[in-house]
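Taking the UniProt record's numbering, the leading residue of the sequence shown gets 1, the next gets one more, and so forth.
If you are wondering where the hints come from, they were derived from the structure by calculation, not from laboratory data.
Some clues are possibly wrong.
[Said to hold, decoys possible] Derived lysine to aspartate or glutamate pairs resembling DMTMM-like cross-links, with alpha carbons at most 25 Å apart:
hint : residue 1 : residue 2
1    : K255      : D207
2    : K156      : E134
3    : K217      : E195
4    : K189      : D137
5    : K189      : E213
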Amino acid sequence: MEQQASDFVVATQAALAQLSALAVQYSFSILGAIILLIIGWVASGLLSRWARQGMGRIHGIDATLAQFFSNIIRYAVLVIVIVMVLGQFGVQTASILAALGAIGLAIGLALQGTLQNIAAGIMLLVLRPFRVGEYIDTGSVNGTVQEIGLFATELKTYDGLYRLAPNSLLWNVPVTNYSRLSTRMHDFKVGIAYEDDIDKALGILLDLANREERILKDPPPSAFVMELGDNAVVLALRYWANSSVWWMTSRDMTKRTKEAFDAAGISIPFPQVTYHAAEKDEKTDGRPPLNLV
Numbered sequence: 001m002e003q004q005a006s007d008f009v010v011a012t013q014a015a016l017a018q019l020s021a022l023a024v025q026y027s028f029s030i031l032g033a034i035i036l037l038i039i040g041w042v043a044s045g046l047l048s049r050w051a052r053q054g055m056g057r058i059h060g061i062d063a064t065l066a067q068f069f070s071n072i073i074r075y076a077v078l079v080i081v082i083v084m085v086l087g088q089f090g091v092q093t094a095s096i097l098a099a100l101g102a103i104g105l106a107i108g109l110a111l112q113g114t115l116q117n118i119a120a121g122i123m124l125l126v127l128r129p130f131r132v133g134e135y136i137d138t139g140s141v142n143g144t145v146q147e148i149g150l151f152a153t154e155l156k157t158y159d160g161l162y163r164l165a166p167n168s169l170l171w172n173v174p175v176t177n178y179s180r181l182s183t184r185m186h187d188f189k190v191g192i193a194y195e196d197d198i199d200k201a202l203g204i205l206l207d208l209a210n211r212e213e214r215i216l217k218d219p220p221p222s223a224f225v226m227e228l229g230d231n232a233v234v235l236a237l238r239y240w241a242n243s244s245v246w247w248m249t250s251r252d253m254t255k256r257t258k259e260a261f262d263a264a265g266i267s268i269p270f271p272q273v274t275y276h277a278a279e280k281d282e283k284t285d286g287r288p289p290l291n292l293v
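Working from the sequences, and respecting the hints, build out all of it.
If you want it as structure tokens, here you go:
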């Protein structure tokens, strides 16, 4: 009995010694992990803030893009810190990194369309083919840009409708921006009858353009014969105007041209067809002859 009691005491003392050693070892590991977490949390916030402020000073970097990249930097630092904390407790970090890579690949495949929109959104925010307030047309999507996000772009159509377009639809197609350049050319075409005076009509068009204040004088407007159509001689008035007033200027010029041509006696013909009736054949009583084989 005394021998068993002595063995029990020795085993207990050995177990307590091991527990003490483990407690000391893991206490340092826990303390180190807490310190790493605190330092990592503070460092991630500082790096994120510095990155956002630095990109904000760069001309052409959108605030949304700066916020996106700053968040990526913060989360990347936090992931590194967590891996280091797990390494403090003897966890194999190589397997964790491999697992994170596999998870990232699976998420990327599952969210392929979403990631494509994010990539397109980043390119739109960096290259800026259009900005907020500009009117664009891609053939399938058109409207005034209201907001450019990482996933989609908000637009307002000319008739006051809200439209949300995925960024991938705006990046992979040609985009026509009607508001980017300050001036814009217009070829105003109008047809006159073949019997009308061409020089007189051209003079009226140039006079209207020179008296219109919204039409730029440099380059000067020009009028010329564009084509000889089936029903009319097509004249063209080419002028430049500021993009902000281009639409209303073109509409007003259409109205004033019609009024000026009416006052000058110049007609604007409409498509018409002339029929020539053949003379009546007495032998066939006006009916076409029969071809008998």
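*Which of the stated hints cannot be reconciled with the structure, identified by number in ascending sequence?*
3
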